[in-house]
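Join the two chains, each given in its own frame, into one complex according to the hints.
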Amino acid sequence: MRVLIVEDEPTIASQLAAALGSAGYAVDRADNGIDAHVLGSNEPVDAVILDLGLPQLDGLTVLKKWRAAGRTMPVLILTARDNWHEKVAGIDAGADDYLAKPFHMEELLARLRALIRRAGGHASAELTCGEVLLDTRAARVSVGGVMLTLTSHEYRVLNYLMHHPGQIVSRSDLIEHIYAQDFDRDSNTVEVFIARLRKKLPDGAIETVRGLGYRLVGP
Amino acid sequence: MIGGGFSAPAWRGSLRLRLLLGTLGWIALTIVVAGLALGGLFRQHVALQFHSELTTHLDQLVAHLIVDENGQPSLSAAQSDPRFSKPYSGLYWQVDRLDSEAGNAVGLLRSRSLWDDVLRLPADTPGNGELHQHRIAGPDDSTLSVLERVVSIEGAAGLAGRSFRLVVGADEQQLSAPVERFSGMLWLALGLLGLGLGLAVVIQVWVGLAPLKRLRGALAAVRSGNAQQLAGRFPAEVQPLVDEFNTVLAQNAEVVERARTQAGNLAHSLKTPLSVIANAASSDTGELAQLVGAQVELARTQIDYHLSRSRVAASLRVPGARTMVAAVLDGLLRVMRRIHADRELELVVHPAALPAVFRGEAQDLQEILGNLLDNACKWAGRRVEVSLAVRDGELLITLDDDGPGIAEGERQRVLYRGERADEQVPGSGLGLAIVVDLTRLYDGSVELAESPLGGLRVRLTLPAAV
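Residue numbers (the working numbering), protein chains in the order written: chain S, 83 to 301; chain D, 483 to 948.
Isolated chain D (complex conformation) (with noise of 0.2 angstroms):
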């Protein structure tokens, strides 16, 4: 992850944590509003459906009250809902007489359902025709809601007029339990519905940033040496990233390439004229050809050396380079067999066929290689062996030859550059020089040490392509 000093909250850090943090939240928020708001419209619509009930049971009972001569007054029917003859059912409707004189009669009439409770309002009275709405306590401790409406009723022929209370009441169970069974069905559905939609979320974030992850992939394989570009098809919105990627990768092998065939083509083209100087100074044996001799001799091994070393310095910058060992020691195999023909040398690989991959060009492999075997040919008896093995991502290569071997104390100054243990053997001598120098920038080893054959052993450590 980047740098620890970093104090920034988790989800700046993720693409994905922050997808789903922002629109989960989103859904949470919308289904809680939704859910208020759907819930205030029901209880608001049910609340005016209950009133409006009371309203017409009220009307029902204004239109059935008759009052007699004597002013008592009678239902001329019974109402008609059911609920008003069960007792206790909620639903209570109740006639009480207001009169200042002879004080008021409260429960005069009343529904079968209060049986002998009865409705006690707050003393308040209304106009005529005028509608009161209150809550008040009802029987078995429920909470009622009751309309009132006062009644006048003319005297007739000569009697005093008369005033009725008529009150209609219903137990507010009635309105809020179809709201609380309201209520958790809504509940219900918006959590499910929620649990989809995040559910949703989840796998649209997982799949829809999923080539995200096999572009990590595709970088991981050039990364590590298995690939030179990134490969796949990527969604349009990524496509044009891996698309510029590659060409900045295949430009950069171009420019490397390049870079490595004008070296090369300066160091070669050099070469012809060297060889012709080198030449015509030795048919002489004056002390100017001698010199020029030594100089072509000097010009020619820093050519060598400095023209492998600008390659592979160039060759390190191509992501992706892996190289079969394998079919590389065969190719050097074939030349040394054809090379030293008259040497008659054995020369053995084992495991011969070791699927190992060396992290990096054919090339560097070929000039490492090729230096090491050479040199064990030149030296050898009878007999060169090659073995390789791959531990921890490590390329381990050992060359052994029969040949007479390096003293322990001139091993270490062989390897450094342009010296040779001995001027007998032709050669340039940077050979082990240049080993080193690739083995190093490739952050590998070589080391020397004496064989179980006889002679030399190289011991050789280079980094492992998975």
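Just chain S, same shape as in the assembly (with noise of 0.2 angstroms):
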């Protein structure tokens, strides 16, 4: 999963950047809301985590376009102005979820997951398909039971295919999801990690759609 973080102060990104990638998130940044437009159009992110006052265009400003764009990202809205008008705007501009700061790192990580959860169409926080069980909230895969250990690339990509079961994901889609956009992209890491991924889970679980990319396939 790729986030977006849309923050004009140095030190809250980084804390930020440093909080998502350690939940096994892929982490963009812009520091002003030309860049913010710029990557949230064209980048396929799966969220975004906006400040409001941001250099250049203000954030509102960035999310109405987004939106007028047909954008549908889900969009945090992370802001010191906390005023239940500023929320009403917030929200009417297309936010999907608003947290104050400060803020509890731990709550800003719940909204997240759910707000991704929600546009994936899934209700609960514990993705599922066969035996395989993926708990967005702990970043912990078990099949029947018994814990997986993962390294966080692999945790990504099973995440991206969890949240897209029985759908034919592309290898460029992968890499779009669970590389940054500065990252250095090899899509053969994708083959590896996609065969190392096949060992651990049960025989079968991961479909080749020859030309076309992966499918997550139930039992």
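Keep in mind that the hints were calculated from the coordinates and are not lab data. Don't be surprised by glycine CBs; every beta carbon is placed ideally from N, CA and C. One should not assume that every hint holds.
[Unchecked claim] Okay, the calculated beta carbon distance ranges per label pair: (1) D:Ala776 x S:Ala151: 41 to 51 angstroms; (2) S:Val225 x D:Arg791: 52 to 62 angstroms; (3) D:Asp812 x S:Gly212: 43 to 53 angstroms; (4) D:Asp812 x S:Ser206: 54 to 64 angstroms.
[Said to hold, decoys possible] List time: in silico SDA-like cross-link candidates among lysine to any residue, alpha-carbon distance up to 20 angstroms: (5) D:Lys860 x S:Ala196; (6) S:Lys146 x D:Arg816; (7) S:Lys147 x S:Pro137; (8) S:Lys282 x S:Pro247; (9) D:Lys860 x S:Glu188.
As structure tokens, this is what we get:
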């Protein structure tokens, strides 16, 4: 899952990036409204954490532009301005949640998980596909009740597939959603991660659809 | 009205009464003086005419008098005025012979109008050619104004000269009747004029002062919250006042807005470093980190509390604020549905389209209802209901939820600042305290009770705008 952090205060942005990174997200960062607009419009991000007071272009305007252009990724507004009229303005501009500073990192992560889950149409924090169970809150995977040990990148790939069960996910989709934009991408690494996952998961859990990509199938 | 202890007369208190009394008084005075002056002038004119008429008649009488050899007077021609021939017509003449030896012969010749009366004049003897005027009693109890003249005629051919007194008199009724008639007409005309002027004054005062009444209406509208500025064009004498007042209102609103923005900027600029500190501390489990975390939380609640208080204290100084309750509720419900999307709550407002208007700032109502709704949604099981009513200038808002509610003994305590009934549900815990403060500043009230839905009921009373 790829998350765009739009925050002009560098310390907070770094703290957020660190926390999201260790929670298994690929993180893109923008520290002004123009960059945020470009990234959010062109990159397939799965969620946005958006500060409102931004240089060059304020957060609400960026959000309205995304929504006007048909971008539907969930957006969590993270701001010091938490009056109710500001919350109403934020939600009316198209935000999906609103968190006031100062905030607890755990609460932010919980809300972000819920937003991504809801965007994928999942009601529960635990995603299942056959015997495979992925707990988004704890970033843990088990098969038939047995815990799996996954590397961060393996978890990211599986997490994305679990959010889109039964759908064909192309290699480039996977790359887009597990790596941040400025990451040195190598499409072969995806094949490596898939191969490692297949060893850890039940047989046939991940199908290869020739020429198109991969599909997670239930039993 | 201004203090009852004031003993100033009523006219000083009312511009209208002052103008009316002043102008009407002057009109009355002017009309009386004009009436008296015109009446006097006319009386003088009539008297002069009367006198000159009598003189003319007397001159005619003198001219017609002839005396024969025996000293008997007669008239060479009849007097021309027909009134001399009509009995008791009010115009008379008479010729007396004055003779110190043989005695005076009164009424030797007299006009037919005297019939068998004679004019009895006081016994004075004017010199030859002199005119004397008298008022004497005449026939029919009338008072006559008479003019007498003594004419001496030289005796012809050795005869002794004789003196005659020629008298012309007229009933004074003839003098006073036209004066009275004229006076009657004059006072009637002046009365009508006065009435017309008075009416004009009343209308003018009423029309002239109408803008003041309009101004009062506009001020009342600002005071009651129906307008933010004095609306409408006023006459050139009043408009500067209105413009000044509007400028003061606008400046006031601007100062308030600026103070509010600065307080907000200060608070928000503090929150970002607080976030940094809190996040840095949260990655550590040491004693210092815990201390920092707790203090950051405290600082945050203090900032929120005082920010919202300062905002409200400022916003109350802005007159004329009105807020549609339905619009605020709609916005907040959109937020609730989105923020609490996981909960699949039923949020109901009834009646849905009540045109209730809150007399105050939209942001304040948003703060009050936002905090209450957010609380209700956090605790509710499935359902939150909001009901609106307007009664006696008060806005009654009731929020119900089907959550666990608050025990009766606890309700008072949670209304106080910074206290939470349960630390489990995230939130500053200041929500209710801010609501209590805000409603109190608007002279409203918040009560907690048990909801028919099973959870908490919050009853809110706020001023409504008409």
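Checked hints:
no., hint, result
1, D:Ala776 x S:Ala151: 41 to 51 angstroms, "holds, 44 angstroms"
2, S:Val225 x D:Arg791: 52 to 62 angstroms, "holds, 56 angstroms"
3, D:Asp812 x S:Gly212: 43 to 53 angstroms, "holds, 45 angstroms"
4, D:Asp812 x S:Ser206: 54 to 64 angstroms, "violated, 31 angstroms"
5, D:Lys860 x S:Ala196, "holds, 16 angstroms"
6, S:Lys146 x D:Arg816, "holds, 16 angstroms"
7, S:Lys147 x S:Pro137, "holds, 16 angstroms"
8, S:Lys282 x S:Pro247, "holds, 18 angstroms"
9, D:Lys860 x S:Glu188, "holds, 18 angstroms"
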